[in-house]
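Asker: Residues per chain, in single letters:
There are 2 protein chains.
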Amino acid sequence: MSDFFQIDALCGSARTSRLRTAHSDVETPVFMPVGTVATVKGVPQETLEELGVEILLANTYHLFLRPGTETIRKLGGLHRFMSWERAVLTDSGGYQVFSLSDLRKLREEGVEFRSHLDGALHFLSPETATAAQIALGADIIMAFDECTEYPADREHARESMEMTVRWAERCKRYFEEHKEEVPWKSVVGGRWSVASSDPAFANDQRLTTNDQHLFGIVQGGMHAELRRESAERTVEIGFRGYAIGGLSVGEPRTLTREMVEATLPHLPQGAPRYLMGVGTPDEIVEYAALGIDMMDCVLPTRAARHGLLYTSEGKLAIKNARFAQDDGPLDPRCGCRVCARYSRAYLRHLYNSGETLAAVLNTIHNLAFYLDTMRQVRQSIKLGHLEAFLSEVRSRSLNSSAQGEDPA
Amino acid sequence: MSDFFQIDALCGSARTSRLRTAHSDVETPVFMPVGTVATVKGVPQETLEELGVEILLANTYHLFLRPGTETIRKLGGLHRFMSWERAVLTDSGGYQVFSLSDLRKLREEGVEFRSHLDGALHFLSPETATAAQIALGADIIMAFDECTEYPADREHARESMEMTVRWAERCKRYFEEHKEEVPWKSVVGGRWSVASSDPAFANDQRLTTNDQHLFGIVQGGMHAELRRESAERTVEIGFRGYAIGGLSVGEPRTLTREMVEATLPHLPQGAPRYLMGVGTPDEIVEYAALGIDMMDCVLPTRAARHGLLYTSEGKLAIKNARFAQDDGPLDPRCGCRVCARYSRAYLRHLYNSGETLAAVLNTIHNLAFYLDTMRQVRQSIKLGHLEAFLSEVRSRSLNSSAQGEDPA
Chain A
473 MSDFFQIDAL CGSARTSRLR TAHSDVETPV FMPVGTVATV KGVPQETLEE LGVEILLANT
533 YHLFLRPGTE TIRKLGGLHR FMSWERAVLT DSGGYQVFSL SDLRKLREEG VEFRSHLDGA
593 LHFLSPETAT AAQIALGADI IMAFDECTEY PADREHARES MEMTVRWAER CKRYFEEHKE
653 EVPWKSVVGG RWSVASSDPA FANDQRLTTN DQHLFGIVQG GMHAELRRES AERTVEIGFR
713 GYAIGGLSVG EPRTLTREMV EATLPHLPQG APRYLMGVGT PDEIVEYAAL GIDMMDCVLP
773 TRAARHGLLY TSEGKLAIKN ARFAQDDGPL DPRCGCRVCA RYSRAYLRHL YNSGETLAAV
833 LNTIHNLAFY LDTMRQVRQS IKLGHLEAFL SEVRSRSLNS SAQGEDPA
Chain B
473 MSDFFQIDAL CGSARTSRLR TAHSDVETPV FMPVGTVATV KGVPQETLEE LGVEILLANT
533 YHLFLRPGTE TIRKLGGLHR FMSWERAVLT DSGGYQVFSL SDLRKLREEG VEFRSHLDGA
593 LHFLSPETAT AAQIALGADI IMAFDECTEY PADREHARES MEMTVRWAER CKRYFEEHKE
653 EVPWKSVVGG RWSVASSDPA FANDQRLTTN DQHLFGIVQG GMHAELRRES AERTVEIGFR
713 GYAIGGLSVG EPRTLTREMV EATLPHLPQG APRYLMGVGT PDEIVEYAAL GIDMMDCVLP
773 TRAARHGLLY TSEGKLAIKN ARFAQDDGPL DPRCGCRVCA RYSRAYLRHL YNSGETLAAV
833 LNTIHNLAFY LDTMRQVRQS IKLGHLEAFL SEVRSRSLNS SAQGEDPA
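Top line first, the protein sequences correspond to chains A and B.
Per the working numbering, the very first residue in the first sequence carries number 473; after that it's consecutive.
Per the working numbering, the very first residue in the second sequence carries number 473; after that it's consecutive.
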């Protein structure tokens, strides 16, 4: 598997690596912006490229319902559909089925649920969720899991974890039998590849020699020994990478960290480790230090739409009256196009006026902040200075809390 | 006045010219995108630059209410506030007071009205509206007029027109006494000018030697002889340019054109002529052919947000089911960044999913279409081929109507 995942540097438990996917190489530790319905809300793909995004996440549940995975398959897959030539990861839809849909009925076979859009009845199983992800054609796809509710007692968490293990086996079996159906493999030429300026995409040879990669997901609720068992049984099935799921579901942050620490020793060093749905800028640094390679979270993009901005001086609420006459940049230490051009006073005006440009610019800045943070993490690992960077981030976090700028 | 307005080429009644403003040179005929509250909804200023926008319009009424013209003056004026180094025109607020505000009381002195935002009581007069525009510091500012309602009988239209003439005199008087108070003249250096990459803006000498330009507005309802009298009396007062106001207020298009044709012969050849609030892509070509130099309209930006897109093949509604599997560009003849990258299927998906990026990309395309149209108008005038271009536009318009693609 060394062609897919190669570790470059180690620093304590942390590591930098390169994920080689069919569409691009991704340096880890990496933060993946969330592009739920094949768009990072408000940000054109060319701006994501400019920000240095190498991989983004799209939600199978949403795309399954609209425009439909079959529609996207016919249009050549997600990359062509959204005109994004770098890597994409899709989740399996499991989490959204449990968090968004109504009237779900869980059986061994799969989950029947009603669409949150129109109430129509749908069914997702390990097989159909994997088929949907093959149709979407992301570079990395996820096994269909049951996201254990929080809190869950040991007995329920075990039943749920065991179901996820059985489903993981079915996902792998379906994937092995159908992975050749990924839309890249049937498309030769066409509008987008001809127009492509990205050498990785133009290189058809490379596209046809690369597969999708299926990741397994560790569950087990907030029970360390179930996490361990889930990890061991998932690794036994064998996947290209391993995710830690079912966290950031309402539990205290100390418990999240405890579960991550309980899981990591049971995942192989030689495969990428993906912590799902995490976190704040401080948390992503902490988890990278523990040895996590990949993370995703709606926080930077959702907070941006609510006028909450991450800066080197802490989090700020742009609507605050003290910014009304502030002609300085959002973050004097940030080099993003928003900080280079616009003032806090202007951004406050846009937000308070309910202007679309507020969401656009705020999102660009927050993503820049997250991506820069991860760039610094990788650099610190390579230089062997991660501990120093971690201290800096922790003291920034304390200052920010002391200023009372960290809205709940 | 030849330093401000210089005609370059003539073709029938049409002309190309150069407006030299304190912040940039503007080639006419020009279409000015509307940036109501100091933002063209959804589009970052760097994208407007990329599109070739040389002048945009902002609304004094909106900025007067929020964030307040005094706030913007303290921040160095509108250019610095919104980080836009090219030309800006502000309207006087007259039209919005009449169309948006509640409980307005019109007196000779001015208009008392309630804000549409919070119901607070405000007062605008020729003097305060001019003061507000000096504080905003646009390159071109407009006299405070009464926009005559439609329909209006001759007697009412005459009274209204005469009030506008008396107000125009007061605007000019106030402007002459206070024009040195424009914020550029008190600002030396500072963040934005230091960071500026625009030679016109970095050249402080030029900023301090250039003034704002005040334009008068012709009213007169739908009565040709009142339009003529209004034009003559406004020209007699003497302005740097002349606008035709009070049109596109619900009257039939033939009547709009009739009023423009009744007014133009009474405006001086040697000053810019600005037709306010007009129009469709076809109309802006028609009016340029009649000799109009400047136009503005919310149509391209507002239509974009409703998924209505202007193309070389006519107008289309992107939500239409026939685009669901259409992987071609919005307009195969358009070179904008949206048409270069995204498919109709993807744009339809974004619009139908209520995604912010739909508004962003649709607006960029519609503006590109309008700006390209005006580029072609200027080119056709310079080459003496405007009549041929006009025929092409008219036949395109007929085709579009025949396809039933022109929503009301």
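Source of the hints: derived by calculation from the structure; they are not laboratory data.
Any given hint might turn out to be false.
Chain copies aren't distinguished; within one or between two, either way the pair holds.
[Unchecked claim] Dumping the calculated DMTMM-like pairs for lysine to aspartate or glutamate here, alpha-carbon to alpha-carbon at most 25 Å:
id : residue 1 : residue 2
1  : Lys513    : Glu827
2  : Lys657    : Asp799
3  : Lys787    : Glu758
4  : Lys791    : Glu542
5  : Lys546    : Asp798
6  : Lys546    : Asp799
7  : Lys791    : Glu827
8  : Lys657    : Asp497
9  : Lys657    : Asp798
10 : Lys513    : Glu730
11 : Lys791    : Glu518
Asker: Going back to the hint list, which numbers does this structure go against?
Answerer: When the structure is compared with the hints, only number 10 turns out to be violated.
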